[in-house]
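Chemist: Chains as they are written, first to last, in the working numbering: chain A, 1 to 314; chain B, 1001 to 1318; chain C, 2001 to 2273.
In short, the hints are calculated from the structure, not lab data. Warning: the hint list may mix true and false statements.
With a cut-off of at most 25 Å between alpha-carbon atoms, the simulated BS3-like pairs for lysine-lysine come out as follows [as the list claims (entries may be wrong)]:
(1) B:Lys1010 / A:Lys121
(2) A:Lys194 / A:Lys134
(3) A:Lys304 / A:Lys290
(4) B:Lys1229 / A:Lys119
(5) A:Lys86 / A:Lys13
(6) A:Lys215 / A:Lys252
(7) A:Lys141 / B:Lys1158
(8) B:Lys1124 / A:Lys13
(9) A:Lys86 / A:Lys104
(10) A:Lys86 / B:Lys1209
(11) B:Lys1124 / B:Lys1225
(12) A:Lys243 / A:Lys298
(13) A:Lys290 / A:Lys252
(14) A:Lys104 / B:Lys1229
(15) A:Lys215 / A:Lys201
(16) B:Lys1158 / B:Lys1179
(17) A:Lys80 / B:Lys1225
(18) B:Lys1229 / A:Lys86
(19) B:Lys1229 / B:Lys1123
(20) A:Lys80 / B:Lys1229
(21) A:Lys121 / A:Lys104
(22) A:Lys127 / B:Lys1074
(23) B:Lys1209 / A:Lys104
(24) B:Lys1225 / A:Lys106
(25) A:Lys80 / B:Lys1179
(26) B:Lys1225 / A:Lys13
(27) B:Lys1010 / C:Lys2098
(28) A:Lys80 / A:Lys70
(29) C:Lys2103 / B:Lys1010
(30) B:Lys1229 / A:Lys121
(31) A:Lys127 / B:Lys1229
(32) A:Lys106 / A:Lys86
(33) B:Lys1124 / A:Lys80
One-sided excerpt, in silico: chain A residues whose CB lies under 8 Å from chain B [as the list claims (entries may be wrong)]:
(34) Leu102
(35) His116
(36) His118
(37) Ala195
(38) Pro242
Treat the numbers as computed from the prediction; the structure is a model and nothing was measured. Using N, Cα and C, we set each Cβ at its ideal position, and we do this for glycine too.
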Amino acid sequence: MNNTVELKNLHIKAGNTSLVYKTSLIVKEGEIFGLVGESGSGKTLTAKAIINLLPQGLTYTADEIITVGKNMLTASNEEKRDHIGKNVGYIPQNTVFYLHPLIKIKNQIGDGYIQHTHKTKQEALEKAGMLLSKVGFKSPKTILNYYPWQLSGGMRQRCNIAMALMNDPKLIIADEPTTALDTTVQKQVMELFKAINEEMKLSILLISHDLGLVKRYSHSLGVMYAGQIVEAGSASTVFDEPKHPYTQLLIKIIPSLNIKKSEPLTEIPGFVQDKDRDSQGCLFYNRCPKAMDICRVKVREHMKEDHYYRCNLE
Amino acid sequence: MLSYVLDRLKSSLVVLFVVSIITFFVLMIIPGNPAQLILGTDATPEAIAELSSAMGLDKPLYQRYLSWLLDLLKLDMGKSYVYGESVTSLIARSIPVTFSIAIFAMTMAVIIAFLFGMLSAIKKNSIIDYFSRSIMQLGTAIPSFWIGMVLIVYFGVKLKILPVSGFVPIERGFAHFIKSIFLPSLVLAIGEVGTLLRIVRSSMLDSLKQDYMDMARVKGLGWGKIYIKYALRGALTAPLTIIGMQLAKLAGGTTVVETIFALPGLGRLVLTAVEHRDIVLLQGLVMFITSTVVFVTLIVDILVMLFNPRIKSFHQGE
Amino acid sequence: MKKNISLILGIILVFIILGIWVLSFVRMPYNPNEMNISNRFLGPGLDRDHVLGTDNFGRDILSRIMYGSRNVLLVALVSVTLGSLVGIFLGALAAILKGPVEKIIMRIMDGLMAFPGILLAMMLVAVLERGIKDSIAAISIFMVPVFSRLVYSMILDTENLLYIKAAKSYGSSKKQIFFKHYIPAMLPRLITQFSSSMGSAVMIETSLSFLGLGIQPPYASWGLMLSESRQFFLNYPYLAVAPGIAIIITILGFNLIGDGLNDILINRGSNHE
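Given only the sequences and the hints, what does the whole structure look like? Please build it.
Modeler: What follows is the structure in structure tokens.
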């Protein structure tokens, strides 16, 4: 398998409302794939669907979900859990309660490792110590004895990264890894991801609302809007020749976007819609400066040498 | 941390002080001269006067209170009218009975409440959940004396497998001991399980919503680890506090059960004291029971604080 | 709508008991105190004269249940009302006056709450006589601390809310603020607590009369009926069924109303997710 993740036509629903529709992406082995979009565009849900972590109450269908070689649509729950535990590391958006506040770092960092490799606690702690230095801690032994609330946000994030690496995963999913951090730490963390990717050749699905960040660190990227991928391709291609009006506008507003769903984009009037995300027309229609009448009813998909986009324009 | 403990200790002592005032002064309102009660209706006035002065009944109220309080601290609670024995020894004899059923009852309640509380939180809205919620409601509405009578008839008489009265101390054999306290403890447990189950269930529901559950799942841990190491650990603070409160409450609330099952515990003493207006006995009993309540509550508060490392270190600097 | 099952069920149950209560004034099948030794220990049966049977003195059980409802409900209602009024007053006093008054009142409440279960009620009954008035007095006192603590903490919480501070700053009179803001905020919780306390009051009253410390003959109470039936229960189990069920329905009804109201008014509904 050359591709770490193959996702085709994902459709996520909460009751009757569609949240993510017709979303497909491919993460190649050893590459960093950036998934960009505003809050509420469905990036986190898409990632969670790939690793069987969607909250109860949401339903999903897809033509294909193959994660690190396993068909997630046909595997049993047991198999899925086991496979993800062994092969995927997940670094979530919100660090505060992700690590259990009542358990010391040393008692939670290694339990997945022990479960899957059947090694002893001692060996787990050794590996944890090693990984903690790798992510930049000068005294891993002290960190291991701490409770999560004794660490700063950046330190917790780095612990999460170390924890995700314990099983030598083939895929890391990093959801907004830099949002809660200050700029110096942000750079540290991103450089760390880059180093891990290059050294260990593991694939990273990087989720962010920051197009600039994604452009700098990803090999390929996908732009999501209102639950759909509107443009995808290699980072340089998409950036140098953006075909979708949304992407074009996003690029104009760099260096960073820090916009919430209900506030309009600085230069784009209108709001991201919650409803009717599964309509056949273009969801960007009412905010697109280049919209045409036909965009309301139909959208064309283009696939040109690895550059994908959904737009009726050429 | 020491200062936190001392602070709580101080509050507890204040509460006990208030309790002692309430106890002493409320029970002083009883019409009738205690000396007369002891000597009976055909005692001569001189005899009554003599006993009154010997008992210190002619001194001003606050003086009597203070001497009573001082005696209390020396663990001298006076002599009971009804039994003619020292209150202290009566209480000492009854403690094992009451504490046994209270602790056994709490153990049963904890096991059932945690088992069903966790299951019903994990499988919300399933049959187990509805069943648990019914237990919650019924448990607190069923009067202990009624269910006690029903259980006596069923298990004691019809099936003849458990004794329906009397207390067998532990020295005479563990199995007999347990059999003698099983039914009364069960009755007490039924009364407490509802509240506890509710708390366990709602704490578990909150804990299951937390982000660390995602982490446990994505690591592929088995369900034992997920639900016990992660979910339950985050759900213990409220239940532990409640367990403490319930245990304390049970210490003083066993009268009905002890009456039905003929157990010679503190509750039965209280009833006798009330029926015969044995003030001295009642004062001693009430002070002892409430002190136990306050003390247990204090211990539980401190334990809960120690158990939660965040709060513990917050206080550690003191 | 699922949240309302509690409330609806509770209301139905309480209505059943209220119905029995009302009927007791209109028409009881027999005189509840009329003894008829030749008719004692008749079993229950829908087709018989005595639908629920007779007790050891030949008294009709159904009539005694109806008659007993009067006193049980009377004692419960009056005690909770008295206790809540006194408690609310003292709690409000403590929260508004603050200072030493606050400390004293709250310490007394803490002291009262340290008495577990029915111990306080029993102690008070020892001092007073036994009977309806004394049960009411004892149970009322038992109810005071709960309400005073509740009102005390609610007032303090509400005081700190920003919109109250805003109202004060633009000069609304204290009275205005009190009635327009505080009371609406506190009323739901108070009503809920009232209902739950009714359940507790019934439980305590029946326990007291079971122990012989509460309502006395010639009045009837369900607890008293149960204690009278104790000796004969082994041979005639039906004696305990009716009073037990009456008690359970009443307490369950009030508790369910309290819970149902709690879910709706407080709007958290965590028990019904």
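Chemist: Of all the hints given earlier, name the ones this structure violates by number, lowest first.
Modeler: The structure breaks hints 1, 5, 7, 22, 25, 26, 36, 37 and 38; every other hint is satisfied.
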